[in-house]
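Chains as they are written, first to last, in the working numbering: chain A, 8 to 356; chain B, 242 to 560.
It should be emphasised that the hints constitute simulated quantities derived from the structure, not laboratory data.
For clarity, every value in this text was computed on a predicted model and none was experimentally measured.
Idealized CB from N, CA, C, for every residue including glycine.
It is possible that part of the hints are untrue.
Partner residues are not named here, just some residues of chain B that face chain A (Cβ under 7 Å, in silico) [as the list claims (entries may be wrong)]:
{"hint": "1", "residue": "Lys450"}
{"hint": "2", "residue": "Ile459"}
{"hint": "3", "residue": "Pro463"}
{"hint": "4", "residue": "His470"}
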Amino acid sequence: MPDDTILEVNDLQHHFDVSPPALDRVLRGKGRVAVKALDGVSFSIRRGENFSLVGESGCGKTTVARCIVGLYRPSAGNIVFDGVDIGRLKQRNAMSRVRRRMQMVFQDPYASLNPRWRVRKIVAEPLVTHRLVTDKAELRTRVGELLEQVRLSPADGDKFPHEFSGGQRQRISIARALAAHPDLLVCDEPTSALDVSVQAQILNLMKDLQRRLGLTYLFISHNLAVIYQISDRVGVMYLGRLVEVATADQLFSTPRHPYTQLLLETIPRLDPPDGSSGEREPVAGEVPNPIHPPPGCAFHPRCPLANDRCRNERPSLLIADDAFVACHAVHEGRLSSRLAEPHSPARCD
Amino acid sequence: MSELTASGTPASVPERPQRWMRFVDSDLLWSFSRSPVTMVAAVIALVIIGAALLTPLIAPQDPYDLASLSLLDATAPPAWLKDGSWNYPLGTDNQGRDVLSAVLYGTRLSLLLGCSAVILSFLLGVTLGLIAGWRGGIVDALIMRVADVQLSFPAILIALLIDGVVRSVLPRQVQTEISLYVTVLAIALSYWVHFARTVRGSTMVERNKEYIQAARVIGVHPARIVVGHLLPNVVGPILVIATINLATAILTEATLSFLGVGLPPTEPSLGTLIRIGNDYLLSGDWWISIFPGIALALLILSVNLLGDWLRDAFNPKLR
Ligand SMILES: Nc1ncnc2c1ncn2[C@@H]1O[C@H](COP(=O)(O)OP(=O)(O)OP(=O)(O)O)[C@@H](O)[C@H]1O
Ligand code: SF4
Ligand SMILES: [Mg+2]
Chain A
8 MPDDTILEVN DLQHHFDVSP PALDRVLRGK GRVAVKALDG VSFSIRRGEN FSLVGESGCG
68 KTTVARCIVG LYRPSAGNIV FDGVDIGRLK QRNAMSRVRR RMQMVFQDPY ASLNPRWRVR
128 KIVAEPLVTH RLVTDKAELR TRVGELLEQV RLSPADGDKF PHEFSGGQRQ RISIARALAA
188 HPDLLVCDEP TSALDVSVQA QILNLMKDLQ RRLGLTYLFI SHNLAVIYQI SDRVGVMYLG
248 RLVEVATADQ LFSTPRHPYT QLLLETIPRL DPPDGSSGER EPVAGEVPNP IHPPPGCAFH
308 PRCPLANDRC RNERPSLLIA DDAFVACHAV HEGRLSSRLA EPHSPARCD
Chain B
242 MSELTASGTP ASVPERPQRW MRFVDSDLLW SFSRSPVTMV AAVIALVIIG AALLTPLIAP
302 QDPYDLASLS LLDATAPPAW LKDGSWNYPL GTDNQGRDVL SAVLYGTRLS LLLGCSAVIL
362 SFLLGVTLGL IAGWRGGIVD ALIMRVADVQ LSFPAILIAL LIDGVVRSVL PRQVQTEISL
422 YVTVLAIALS YWVHFARTVR GSTMVERNKE YIQAARVIGV HPARIVVGHL LPNVVGPILV
482 IATINLATAI LTEATLSFLG VGLPPTEPSL GTLIRIGNDY LLSGDWWISI FPGIALALLI
542 LSVNLLGDWL RDAFNPKLR
């Protein structure tokens with residue numbers, strides 16, 4: 008692994024068991040049913056980088072995040088954090104040391120803070136749990152600093168979460184995540200529950216913190232405008248698989264995978280061509296069911312370029328020019344990246 | 242984890258008054274002031290609880306002190322009837338025991354028993370409910386099947402069963418001594434299911450909320466998550482059930498004692514008093530059973546009304 012890689016995810020799989028109860032299976036002769044939420048996802052993140060995952064609802068973004076921070080145990084594959092395969096860590100101690108360096112910011116600012124705890128106690132939890140600060144006065148000072156770091160006031164520590172707005176709560180969440188000096192912050196749609204103007208503030212705060220603290224982000228969103236604003240590199244997911252990984256600039260200027268192109272076409276433009284409204288069009292076609300993903304390339308039922316090979320053989324994520332793409336048409340040169348006019352999505356500020 | 246409000250620092254000084262103001266402003270007090278029935282119930286409950294606490298001080302006689310009883314005064318009617326005396330305001334029973342004192346001591350015992358049984362079933366139910374809801378899977382299935390089976394028996398039957406088993410296993414002398422504990426245990430074991438079910442339900446909802454997952458990502462020990470995060474968030478609705486169950490527990494104890502499987506006549510609860518008095522009801526000595534009966538009815542009614550009010554106050558949808 009190159010030196011500057013902080014996180015490496017290899018062939019990650021996660022299956023949810025959605026079988027009927029054991030008794031039903033016996034009586035009605037039904038078998039086990041699994042949702043293949045992740046079906047072989049591989050990527051790596053460099054230190055200090057902002058890597059984003061994007062994709063439609065249900066493509067498995069949250070599942071990736073939860074596997075990485077240890078909320079889900081992967082069905083297969085491994086996750087290597089700073090040279091340590093965290094799936095192999097059996098002892099709580101060793102796990103806890105890794106946990107401290109990898110924190111998560113959740114999507115719902117209303118559910119992610121314990122409603123009965125004061126903000127001070129919430130933000131201090133990582134410090135207390137890992138015994139980083141034991142002295143009470145010092146703890147108070149440290150929590151005050153953390154709150155200031157996210158542009159809240161130390162006096163806010165005495166309040167309860169319900170006394171804050173969604174954006175402020177998300178700041179508290181970020182302060183808590185930063186408390187134990189993590190290296191990697193996994194952010195699962197941290198702004199999708201917020202107003203557009205508040206979204207921009209939080210994104211700016213996160214960019215600022217990244218610069219000052221040298222953080223690495225795994226950033227998840229289905230909002231391409233947000234992705235464009237914050238990411239260095241982007242992975243596009245479809246039905247539990249990565250279909251394209253490229254730098255943000257490349258992805259938005261020359262999308263290669265047909266699915267990426269489809270996604271980008273749905274972005275509202277700032278300057279709607281020929282007077283049509285900038286309304287977002289829904290992505291054509293239905294997202295297939297991950298219980299029975301289509302064989303071959305999972306995207307083939309919606310792909311205008313699908314052929315027999317696509318229907319039978321699963322494309323692997325191969326390098327194409329300077330991006331990674333999983334598409335037979337691209338590999339065969341049938342589609343050498345459609346040189347569409349550059350897409351620059353509406354910025355949300 | 243310690244409260245981090247660091248008492249003593251200037252920032253937390255206005256703490257108390259703030260909390261008090263919040264209580265005064267609260268919906269709870271507002272809905273209380275709007276319900277005269279609840280206010281009357283609260284007054285009655287307070288009087289009964291006060292009397293129970295102060296019984297040794299205010300009771301005219303110690304009904305357990307056999308030396309102070311005089312058979313000459315047996316079955317005296319209440320003071321306001323012919324032959325009544327103000328020495329025994331509510332009359333005496335067949336052994337010359339002052340009915341007022343017996344009722345006071347009986348209420349004290351009934352309340353004590355009811356509260357102990359509720360606390361025990363609360364602890365049992367909340368613990369099992371938390372375990373079932375948190376662990377899920379086979380542990381959950383096991384606990385909840387036991388609960389289902391138990392719920393299909395009337396509580397009184399379970400209490401009778403436990404009592405019967407204890408009686409057939411232990412010698413008579415020991416039985417009388419531990420009958421109080423057996424009764425408490427029997428009642429507690431028949432009521433834990435309500436607590437367990439409710440706690441399990443809210444645990445399964447809370448468990449998937451992001452603040453619990455945030456704690457897991459931080460690396461907080463699971464036991465600490467359950468006690469520090471989960472418990473405070475699931476215990477609220479349970480307190481209402483506890484109040485309502487208190488009335489039921491007291492009533493169950495009275496029923497058991499009335500049936501003769503609860504507390505012995507040497508240590509009479511309200512139920513025991515009613516049973517003793519029952520034998521004399523037909524001979525015209527009605528006061529021996531009627532007064533304990535009135536005390537029991539008032540106690541149950543006021544606790545029940547308070548419980549109903551609490552339930553409505555905590556659940557605005559029912560208002
Ligand atoms: N606990 C679960 N049990 C069963 N299936 C699940 C569970 N959680 C997620 N899934 C399924 O796994 C797939 C991936 O879900 P995931 O939450 O990772 O998607 P997502 O990309 O985060 O979507 P969204 O944008 O809606 O958050 C979905 O098909 C979903 O239905
Ligand atoms: S592999 Fe085939 S079906 Fe899949 S995206 Fe490429 S062209 Fe379309
Ligand atoms: Mg998600």
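**Study point:** Interface hint for Pro463 of chain B, Cβ within 7 Å of any Cβ on chain A
**Key:** violated (10 Å)
Practice item. Please verify that hint: Lys450 of chain B, Cβ, nearest Cβ of chain A, below 7 Å or not. Key: Since the shortest Cβ distance to chain A is 5 Å, the answer is holds.
Exercise for review: Hold the hint about His470 of chain B up to the distance rule: shortest CB distance to chain A must be less than 7 Å.
Suggested key: holds (5 Å)
Exercise for review: For the hint on Ile459 of chain B, just tell me whether its beta-carbon gets within less than 7 Å of chain A.
Suggested key: This hint holds: Ile459 of chain B lies near chain A, its Cβ roughly 5 Å from the closest one there, short of 7 Å.
Hint 3 from the earlier list is the only one contradicted by this structure; the remaining hints agree with it.
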